[in-house]
Amino acid sequence: MNLNQIIFFISISLLYRLVLKEKWLEWFVLLISILTIFWLQPISTIRTLDFWLPTFSISLGLVSWVLITKNEELNSRDNNKTIIFVISFILIIGLSRLVPQISIYKYISAPKTISTILFLTILCFVIFRLKSFKNKNIFIWGVESVLLIIFIILKNEFLSHKLSIYLRYINKQSVNLAFANEIAWIGFSYFAFRMLHALIESKKRGGVSISLKAYLGYLLYFPAFLAGPIDRIDHFQEKIISNKKLLIEDLFYAGERIAIGLFQKFILADLLALISINETLAVTITTKFWMWFVVIIYAFRIYFDFNGYSHLAIGISRLLGIQLPENFNKPLLSPTLTIFWNNWHITLTQWFRAYYFNPVTRFFRKNYKSINSKLLMGLMQITTMVLIGLWHGISYNFIAWGAWNGIGLFVQNRVTGFVKKKIGAGKPLWQISPVYRVISTMITFLYISLGWVWFELSTLDASMQVFFILFGKK
Amino acid sequence: MKNENSYSSISLKRIIIKTFIILLIINFGWIYISKLPIGNLSLYNYVFNGRSRLPFGENTRRSNNLSLYNLDAMFASHEISKKQKDADYLHVVLIGDSSIWGFLQEPGNTLAGLLNKRFLESGEKIILHNFGYPSISILKDLMVVDRVLEYDPDLIIWFTTLEALPIKKQLEIPIIKNNPLTVNLIIEKYELSEINKIEGDLFENTLWNQRRNIYDMLNLQLLGILWNATGIDQEYSETYNSARRDFPEPLEQYYAINQDDSLKEFLALEIIKNGIEINNEIDFILINEPILISEGINSSVQYNYYYPRWAYDQYRSIMKEFTQKNDIKYYDLWNLIPENEFTNSAIHLSEYAERILTDEIALVVENYIGQKANNDNKK
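Just so you know, the protein sequences line up as chains A and B, in that order. Residue numbers for the first sequence follow our numbering, beginning at 1 and rising by one. Residue numbers for the second sequence follow our numbering, beginning at 1 and rising by one.
Heads up, a few of these hints could be off.
As the list claims (entries may be wrong) - Each computed DSS-like pair below joins lysine-lysine, with the alpha-carbon atoms no more than 25 Å apart:
1) K23(A) <-> K320(B)
2) K85(B) <-> K372(B)
3) K21(A) <-> K13(B)
4) K372(B) <-> K125(B)
5) K131(A) <-> K203(A)
6) K372(B) <-> K169(B)
Simulated from the structure, these hints should not be mistaken for laboratory data.
With the hints as extra help, turn the sequences into a complete structure.
Dropping the structure here:
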């Protein structure tokens, strides 16, 4: 999101809170969120893709809502109104191709009207057909699989490139010009993880009670669409319903969070981006001192970037009266890697803990009792971190980043345990003395900073070269 | 975060009005702050080494450099701002366009860099300062000349070419457009009758409108780190599009000027004349910089991308006559460099060409020193 877009979101949220009645919040969030996903979707070099990707996001949202919602709540008047509204909205965007004079035409290359109508007809048929099924678990598995397949394709350069070639082929565009980043499905990572959360929770609870407006608002929620946090569905639903009149406290709180967010994202992060490790500096800096410098700066830069966005999302939400969960809690001051990962991108790590680490660990403990618990813990920490790495992109550098952090967590846990045992203290060293705490925090920070080298550079070779310079082996 | 309940007694209306007023004061207050030389506040030459040429960069990430319009900041980042002038040395400033700045050449391989290397090796106490800047405009050159006088140079070697001279293009250059106050002062000081003053905009210097400039100044300071860390200040592409040599549809006109028109009428020669005359306490040498003389298709009609032959030939005669009439020391080096020694433009030189030009300019400087010594002896 750029500054103008953020100013728009702040203004529109404030305007809503000052002018509209509270009961319109769900409609407001839905409308702005749907507008946003079309607006933020970059103009694609593959014809009509900038129409289809947001449309697929909404369609997946509609289908998944039918699957997770209890049957008796599916046919309420309010939900039917929402379906009509959403379908009409997509149709209007699709019909914009008939009026090239309007500005929307410049940003979204809608397909032929017949294709839009055909797609929406099929979507309506699927929605109404799915409503009649009592046990929808098989379809939930289907949607989960679709999400994972799309995720894998989008995050893998080779597969993205192949898909790009295919889409160009069916569009009768030059396949030679295809490139991997051409299919930029904006916000998909967060969108997919929210939806997976909703689907898994629905299976656990035998369906959830949520209106379609609130559900689509949750999936596509405009302040958090691009960079999280990944809220829990029940938490979001509770907050969107309990919306109240704009209070002065909300305004102050939101203003403070937005100001911090703007400062961190658009001043600190953007300025530090210039002097933090990147592909160019990795090959042009040849001295140990400056390489350490740009690597350490990167740790600050990425923190201010992500945390700045989180402040903005939380601040804008507060203008609407919605309280989003915190996503960062001073992670750079963490004395251990475990604490760091409890404080960094909190909602994402919680997601992986809830849906991978805890259930899989439980499974192994239950079914393979003979397995060494320390070994199991190490394996789970490494695989969890590798999966978090893969969430950012399916490539060797993200696997290396995940493994680096997973191994770090494992080693740190073992060392902490060993030292505690050795000195006979009931608590880890960093809790005993401020000096140990400072040392421990610095070691953690340096370890995390070094890990970002794998994260930022696209090849393992480039990262290794940086490590050689950092440790004077070149 | 503050306790959220502590705000409850404050009226929303008052907060909004006060916030709005404060924002207005800060925004318009910047108009006055911007008149202060804040660009002079620089980490260069204190924390980081000064740059060997003025900052310029089209791709910040790849070049570790950026183009900005704050002249104070640009000059403060240059190594000339480092310390007091060393009176034992002859300080020579090179003024010109991207060819003098050294497009595609590392700082040590630019004309100034090579000359400094040569004079250091020969033990001659001469220091060259690179004040080329990648835009072709004689008014921009004068703006740099006027500014560089603050550093009390002994000699200014001013490289120019026909493309720098058309009157109508002078105000179209970004660095000119974005420095209306300075440009208008230059127009006044040098009594430039052919150039119109730039009309100022009252709101131009508000904080909101100046946010890009402020951001650029901050970026320039940060880029000092990368300048120190890498010594790189431009993107050195391994491949580039070579300067055009073939002209299937050759130019007939030059800036809508026909062969029958008097080219002299369209050239801002007044800028050179007044610039040199008014600064008569400094020695100037004017040089017609080398250009690519194509041997490709229609090269009998057009020398290169910029020039139809008739226009450039006329220009050379005009310059000869103009410099003789105004007693300006002038060298015409237009055909010094072989055709294949130009890189991506008809004025950008290869490393070998830079060395050829270095030999020539070293002679010019030595000749100047010799003549100066003769004149001093006669006195």
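Results for each hint:
{"no.": "1", "hint": "K23(A) <-> K320(B)", "result": "82 Å, violated"}
{"no.": "2", "hint": "K85(B) <-> K372(B)", "result": "20 Å, holds"}
{"no.": "3", "hint": "K21(A) <-> K13(B)", "result": "19 Å, holds"}
{"no.": "4", "hint": "K372(B) <-> K125(B)", "result": "15 Å, holds"}
{"no.": "5", "hint": "K131(A) <-> K203(A)", "result": "16 Å, holds"}
{"no.": "6", "hint": "K372(B) <-> K169(B)", "result": "36 Å, violated"}
In the structure shown, a violation is registered for the earlier hints numbered 1 and 6, in ascending order.
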